[in-house]
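Q: Protein chains in written order, with UniProt numbering: chain A, 1 to 564; chain B, 1 to 296.
Note that these hints are calculated values from the structure, not bench results. Model, not experiment: these values are computed from the prediction. Ideal Cβ placement from N, Cα and C applies to all residues, glycine included. Accuracy of the hints is not assured; some may be wrong.
Chain B regions said to be covered by chain A (calculated; three or more residues, Cβ under 8 Å) [unchecked claim]:
1) 42 to 55
2) 121 to 135
3) 227 to 235
4) 239 to 249
5) 256 to 264
What follows is each chain in one-letter form.
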Amino acid sequence: MNRKKWLVLLSAAALLGMTACSGANDGSSSGATTETPETATETTDNAQQPADAAVEDGPFAAYEDTVTITLGRQGVSGNNLPDGDTLEDNEYLRYVEERLNVDIKYEFSVEDLDAYNQKVTLAIASNSIPDVMIVNEQQFHQLAKADMLEDLTEVYENYASPLIKEYYDSYSGDRALNTGRIDGKLYALPNTNIDGNFQLLWIRQDWLNKLNLQLPKTVDDVKGIIQAFVEQDPDGNGTKDTVGLLGDPSIVGDGGFFTFDPIFNAYHSYPKSWFKDDQGNIVYGSTTLETKEALGVLRQMYADGLIDMEFLTRKWEDNAGLVSSGRAGILFAPWFAGWAMSDAVKANPEADWVPVAVPLDDAGKRNFVPSVPSGSFLVVKKGAKHPEAVLKVLNVEYEGIRLIDPAAQELYKGQGVGWLNYPLNLQLDFQDALARDIPIYDKVLKDKDTTGLPARIMPRVEAILKNHENPKQDMVAYADSLAFYTAAAVTGAKEMNRIEPIFYGNTETMLKRGANLEKLEKETFLKIISGTSPLDEFDKFVSTWKSIGGDDVAEEIAEIVNNR
Amino acid sequence: MRNQTFIRNYHIMLMPGILLLIAFSVIPMFGIVIAFQDFQPTRGIFRSEWIGWENFEYMFALPDSRSIFVNTMVIASLKIVFGMAAPFLFALLLHEVVSTKFKRIVQTIVYLPHFMSWVILSGILINLLSLEGVVNQVVQFFGGDPILFLQSNVWFRVVLVASDVWKEFGFNTIIYIAALTSINTNLYEAAAIDGASRFQRLLYITIPGLLPTVILLATLGLGNVLNAGFEQILNLYNPIVYETGDIIDTYVYRAGLLEIQYGLATAVGLLKSVVSFVLIAVSYLLAARFANYRIF
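Work out the full structure, taking the sequences as your base and the hints as a guide.
A: The following block contains the structure:
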């Protein structure tokens with residue numbers, strides 16, 4: 001829950017800095033920009049709307065009369081807004097309003113992700129949703145099934161800015177946008193999960209040095225290191241207070257912190273994803289024999305004290321506390337954990353967290369399952385008066401987030417205010433957003449020359465240069481550098497072996513019965529790992545899972561896949 | 001004639017209560033039809049599709065339904081038994097204390113936890129019961145191995161019952177203290193003159209004097225048997241202890257509010273209501289028979 005909130009915040013912060021720099025993209029997105037600043041100045045200069053601004057309708061056209069949109073959203077914690085400004089009233093909102101004459105009215109904003117989801121679910125149940133909100137996949141399908149959503153197919157075609165369309169188009173086969181389509185109609189704008197969100201192995205390099213250990217290559221190496229960390233007092237304080245590998249009760253999860261995905265993947269097990277086996281059958285990754293084997297490995301590790309004994313009762317912040325207090329030295333987390341790790345370094349400058357690629361499998365490959373293309377969905381209420389206004393707000397917002405519009409660069413300049421304070425927190429970016437910037441950083445570090453780089457990448461480049469010259473002196477620069485440069489580069493390791501699932505998303509039965517199936521799976525896996533149930537409980541899980549809906553789901557997926 | 005006005009006035013005074021009952025207890029009853037529907041919020045109760053017993057069939061096909069039912073019964077029964085025994089014994093002990101000042105102080109201290117919410121208490125409990133927590137340090141001091149209380153299906157119920165008893169026994173003691181004051185002190189004096197020891201006085205005067213209160217509370221508790229402590233469990237449990245700790249209320253909360261399975265959640269809730277109804281009827285009969293407690 002809180003882990004998820006962090007995940008959202010961190011990746012959001014990450015995306016702020018990541019922008020396209022290849023020539024092709026610069027060309028087309030600046031094409032969209034050329035006309036917009038004019039519109040902006042016009043609207044700002046004259047409070048009375050100029051008649052000609054509204055004549056031509058398009059992605060950035062302002063309204064003649066103020067249009068009001070009601071919004072329900074997840075709030076921002078620690079949003080750094082200067083005194084007097086709030087989530088409901090800040091420069092970002094005024095920027096949007098000035099350019100479009102669209103007034104965003106908050107219907108609700110709830111900070112905690114769980115509480116937000118409850119609020120949304122209650123709004124759905126009472127049939128009173130705001131004009132626009134961001135929902136999860138289950139809620140999206142529930143809304144669509146209940147016919148509560150506006151069809152955005154044409155609105156998207158006519159009003160999405162070229163930049164927004166480019167983001168979606170960067171996903172092969174329209175993978176991202178397709179998740180928002182039902183029966184060919186676009187009912188939601190999905191977010192886009194960029195490539196490279198799989199877990200890396202984060203290790204305390206200073207502890208390795210102290211114990212004369214090498215960076216690990218295989219799962220066995222990892223086990224050896226954990227054992228040394230737990231038993232040989234790496235921090236030298238004389239007490240045996242180091243916990244093993246950190247864990248999270250969710251066990252596996254796309255882009256999750258402290259999950260065990262890499263261990264599963266090293267044994268060719270890919271839980272929670274759907275695949276086709278050699279015979280062409282549709283197989284659920286959590287039910288394979290390889291998964292049983294991987295569970296056996298984790299079970300042994302837990303029994304040997306190599307996995308944090310109390311990971312089941314730990315919350316995200318408990319784990320973060322273990323990291324910052326120097327009681328944990330090894331964990332799995334995605335590249336954007338760089339920010340979380342910088343907290344640990346702030347508390348203890350000696351701590352030197354380094355990311356390395358996940359362990360190799362028996363064939364010398366590093367297996368991983370790419371992120372699902374999207375996980376959250378921007379939906380517009382059926383019957384909303386101006387569904388296109390939502391698209392326009394998104395267009396203007398992204399010109400601001402990417403610092404394309406010069407006016408946006410001045411908003412809260414140098415005050416560290418996050419873009420999440422923009423009204424719509426939908427993350428959009430190119431599929432390869434992470435990888436495409438690495439060569440630029442490499443070149444800048446080599447030449448020390450920043451001329452010719454676009455404004456929107458400059459903050460990042462400066463941070464990396466700053467940290468390169470004076471490592472760990474400026475914590476913000478250090479964190480950015482660790483995430484965007486050091487860790488992001490690791491996501492492109494040579495032996496990476498992408499295991500592509502055959503199906504993303506939810507089927508009818510999954511929406512209806514998925515919660516029970518997931519509960520069964522989570523419960524069984526946790527019990528096996530923690531030694532509460534024998535490993536053979538896995539076989540019982542597979543048969544129960546099939547009988548309470550798993551088989552139906554497999555059939556539905558087979559049908560969908562065969563009809564493609 | 002005068003008598004009739006009298007009765008009419010009574011009925012008028014009854015009206016607000018009945019109206020509230022209708023508004024908040026009777027009208028929402030229609031919501032239970034959701035259990036037989038594929039409920040869609042936009043269509044509402046009247047236009048959602050009827051699916052007969054499907055939700056119930058699925059509920060009984062789930063491996064969970066039996067365990068949540070058993071868990072609810074077991075946890076609630078244990079809580080009733082220990083939740084009654086602890087304040088009873090404590091009241092007896094307190095009764096024997098001579099110093100009124102000391103009595104007052106003790107009473108105040110033990111009923112304080114009653115006013116704390118489970119959100120706060122669970123945080124404290126999780127800390128106390130962790131591997132490095134106080135409880136495990138005591139266990140280790142006596143040569144035992146540290147125990148993961150909240151990750152063990154053996155210990156989880158013990159923790160639930162013990163912490164609930166600890167939270168509530170002080171408050172419940174008040175009822176027994178009140179009952180104790182109603183015992184005629186002449187009895188004690190007479191017994192003392194006849195040569196009864198303190199223990200005999202306790203056995204033959206105090207305990208029989210408290211028994212009606214005990215029986216009444218026990219039988220009334222039966223009607224509450226399916227309320228095993230939603231808030232407490234929600235704040236303390238994790239997937240490993242679903243097996244022994246997941247109760248009907250937490251299940252309905254997860255399924256209905258978090259997973260949007262309105263139909264299934266209502267079906268489970270309805271089952272709980274039916275069982276509760278039977279238990280309340282039984283407990284009322286028992287209360288009438290053993291404690292002469294009647295409403296009608």
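Q: None of the hints should be skipped; say for each whether it holds.
A: A quick look at each hint next to the structure:
Counting residues of the region 42 to 55 of chain B whose C-beta lies closer than 8 Å to any C-beta of chain A gives 3; at least three are required, and the coverage claim holds. Residues of the region 121 to 135 of chain B lying with their CB closer than 8 Å to a CB of chain A number 3, which satisfies the three-residue condition for coverage. Coverage of the region 227 to 235 of chain B by chain A is violated in this model, with 0 residues showing a Cβ closer than 8 Å to a Cβ of that chain against a need of three. A stretch counts as covered by a chain when three or more of its residues have a beta carbon under 8 Å from one of that chain; for the region 239 to 249 of chain B and chain A the count is 4, and the coverage holds.
For the region 256 to 264 of chain B, the stated coverage by chain A holds: 6 residues have a C-beta nearer than 8 Å to a C-beta of that chain, and at least 3 were required.
Checked against the numbered hints given earlier, this structure breaks only hint 3.
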